[in-house]
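Undergrad: Position 419 of the first sequence, counting from 1, maps to 419 under the working numbering, and the rest follow consecutively.
Simulated from the structure, these hints should not be mistaken for laboratory data.
Computed from a predicted model, the values in this text were never measured in an experiment.
Be aware that one or more of the hints could be misleading.
Below are the DSSO-like pairs computed for lysine-lysine, each with C-alpha atoms no more than 30 Å apart in a straight line [unchecked claim]:
#	residue 1	residue 2
1	280	266
2	8	369
3	266	240
4	273	121
5	54	240
6	239	121
7	273	239
8	121	266
9	301	266
10	54	37
11	369	301
12	273	240
13	280	301
14	8	58
15	479	121
16	239	37
17	240	121
18	516	37
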Amino acid sequence: MTPEQLSKLIADSLMQLAGNNGYELTLPDEIVVERPKNREHGDWSTNVAMQLAKQARKNPREFAQEIADVMAESDGVDRLEIAGPGFLNIFLDAASAASILPEVVAGGSSFGSSEMYSGQKMNLEFVSANPTGPIHLGGTRWAALGDSLARILNSQGAEVVREYYFNDHGSQIDRFARSLFARASGAEAPEDGYGGEYISQIANRIIEIHGEKILGYPEHEALEVFRAAGVELMFEDIKKSLSDFGVDFDVYFHENSLHESQAVEKAITELRKNGHIFDKEGAVWLRSTEFGDDNDRVVIKSDGDPAYIAADLAYYLNKRERGFDRAIIMLGADHHGYVQRMMAMCAAFGDTPGENLEILIGQMVNLVKDGKPVRMSKRAGTVVTLEDLVDAVGVDAARYSLTRSSANSNLDIDLDVLSKKTNENPVFYVQYAHARTIQVENNASSFGISIDEFEPGLLGHETENALIAKIVEFPAILKIAAENREPHRVARYLEELAGTYHRWYDNCRVTPLAGKPVEPVHSSRLLLNRATTVVLANGLRLLGVSAPERM
RNA sequence: GCCCUCGUAGCUCAGCGGAUAGAGCAGAAGACUUCUAAUCUUUUGGCCGCAGGUUCGAUUCCUGCCGAGGGCGCCA
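Whenever a hint applies, use it, and build me the whole structure from the sequences.
TA: Printed below as a string of structure tokens:
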């Protein structure tokens, strides 16, 4: 029995109760059926009795007992208990609990998915690091988290486009170009420039491509060459790093294109038409205070250059014009001050902040060495990049360790600890469980055991009961993870599932002991084993982590 | 000064208003002639930062305070 079916059963029982006893009950939108933390509290538990006791003019425990009396007659329900302040704990009979397993196996890679966001077009923008250097740890976190979120939203029916906003315009790029030029010509690095080994490498590659002669060009021409070529090369490196990390964007959107296509002017004209733009002191302003921002914002500076937000106006409009119902942007905590004005902009376009535009803020990643935080500095050479992390621990462990914590929490990364190859990263625990299921499957097939003779009633061991219940939880976990934009919930769930599986493995054999015959229970257990494979594989895939068959 | 996030076991972190607050690692003691011991079993360890409030019920929601990180440009 699925939680949905159980929820409906409870609703039906309540209606029946209302009919019999003349209660006037207004049922909640959704009757919550949850897995109690404590197994002794049943397979499922509901708090409806506490919620509705007032309406029934009963005390919660009495009312729960009345519900229990009605439900006790139902198929699949073994027994019910009233506990605590009025919880109704439901124990399913083994056959009913296990009868869902064939569905899980039949569902395969689609088990857990839903149509919750069916028909919704979502644009998920993340990483969007400037092409002035390699992706650092912070960007790596967004890459792991963003890609996983895209997968999860997609599993819930959304049409998701992963997008990388590529800032190839503005003063940071100019500094990058000057840094490259200075390095190539052996000059002192500019005061506010970029340092680091990669600057030398890119400078050298540019010389290789264009020849020494560019050093003799007039400065502005030379800078232009270094700018264009440098951005191009840096961008290729970034793309490759991300791709090696398992993160491939559908769209790389160039900021420059917004300026070149007059999209910025168009956006400003549109806003001006609606009365949200004004001119002051030679600059063009967005009256964002009208929509809750602290200050009005300059869109076009008095020197005629667009401010950063100008492109964002056009970019947002562009996303909406491309048909996205929802633009989701993931930003680091160092950009949180930007949220209010972005939301104001969204409102100024007549859209609904939080709905058409959603901004997720994630906290910073700190580098820790010898137990002490290390300030990442490009000049001091203490920057840790995506590639450093992958070199140290591999893609799977890197992605997993960045995805298993809430984006709201600050994350400390200690490369020394992570690179010890110890079992500190729970990803191995989960992957090992998956590999185990595969080996069990292989062994079973060599015994000629098949899943065709499934008898759910044979799966009565408490660890089987626990494993089945955990498997059934998966769709609800994905739904919550999608709604809250929290991929870490999937990782945490997988750790629980893996633990539940390992404990089952320890207690119940899928293949008979040497010299003993194959019995029906073995087929049934093989199906349970396969259902576990399905869920572990699906979960790991949503995290962008491989599901190895052997470890 | 204002804004955002965080504060839970020795460490890293879970816990979408519910029951006795959990996991991994670290510490202690056990389990491989049986499908992978990267596993399992047992065990040590908590004023859930502090103080109020809302609620039948608060680690969770609200307010204030303390502490940590981040942000408050005609920078991007």
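Undergrad: Next step is simple, just say for each hint if it's right about the structure.
TA: Checked hints:
Restraint check for residue 280 and residue 266: the C-alpha separation of about 20 Å stays at or below 30 Å, so the hint holds. Annotation: proposed proximity of residue 8 to residue 369 is violated, straight-line Cα distance about 54 Å (limit 30 Å). Between residue 266 and residue 240 the alpha-carbon distance is near 34 Å, which puts this suggested pair outside the 30 Å criterion. A hinted pair counts as satisfied when its Cα atoms are at most 30 Å apart, and residue 273 with residue 121 qualifies at roughly 28 Å.
Note on residue 54 and residue 240: the hinted pairing is violated, with a Cα-Cα distance of about 61 Å set against a maximum of 30 Å. Only pairs whose Cα atoms come within 30 Å are accepted, and residue 239 paired with residue 121 is accepted, the gap being roughly 24 Å. Taking the CA atoms of residue 273 and residue 239, the gap is near 39 Å; set against the 30 Å cutoff, the hint is violated. About 24 Å separates the Cα atoms of residue 121 and residue 266, which keeps this hinted pair within 30 Å; it holds.
Taking the CA atoms of residue 301 and residue 266, the gap is about 17 Å. The hint holds against a cut of 30 Å. Taking the CA atoms of residue 54 and residue 37, the gap is about 26 Å. The hint holds against a cut of 30 Å. For the proposed pair residue 369 and residue 301, the alpha carbon gap of about 43 Å is over 30 Å, so the pair is violated. Distance check on the hinted pair: residue 273 and residue 240 sit about 43 Å apart at the alpha-carbon level, beyond 30 Å; violated.
Between the alpha carbons of residue 280 and residue 301 the distance comes to roughly 10 Å, so the proposed pair stays at or under 30 Å and holds. Restraint check for residue 8 and residue 58: the C-alpha separation of about 22 Å stays at or below 30 Å, so the hint holds. Between residue 479 and residue 121, the direct Cα distance comes to roughly 17 Å. Compliance with the 30 Å bound is thereby established for this hinted pair. Restraint check for residue 239 and residue 37: not satisfied, since their Cα atoms lie roughly 43 Å apart, outside the 30 Å limit.
This hinted pair checks out: residue 240 and residue 121 have alpha carbons roughly 27 Å apart, not beyond 30 Å. Between residue 516 and residue 37 the alpha-carbon distance is near 37 Å, which puts this suggested pair outside the 30 Å criterion.
Violated hints, listed in ascending order, are 2, 3, 5, 7, 11, 12, 16, 18; each of the other numbered hints is respected by the structure.
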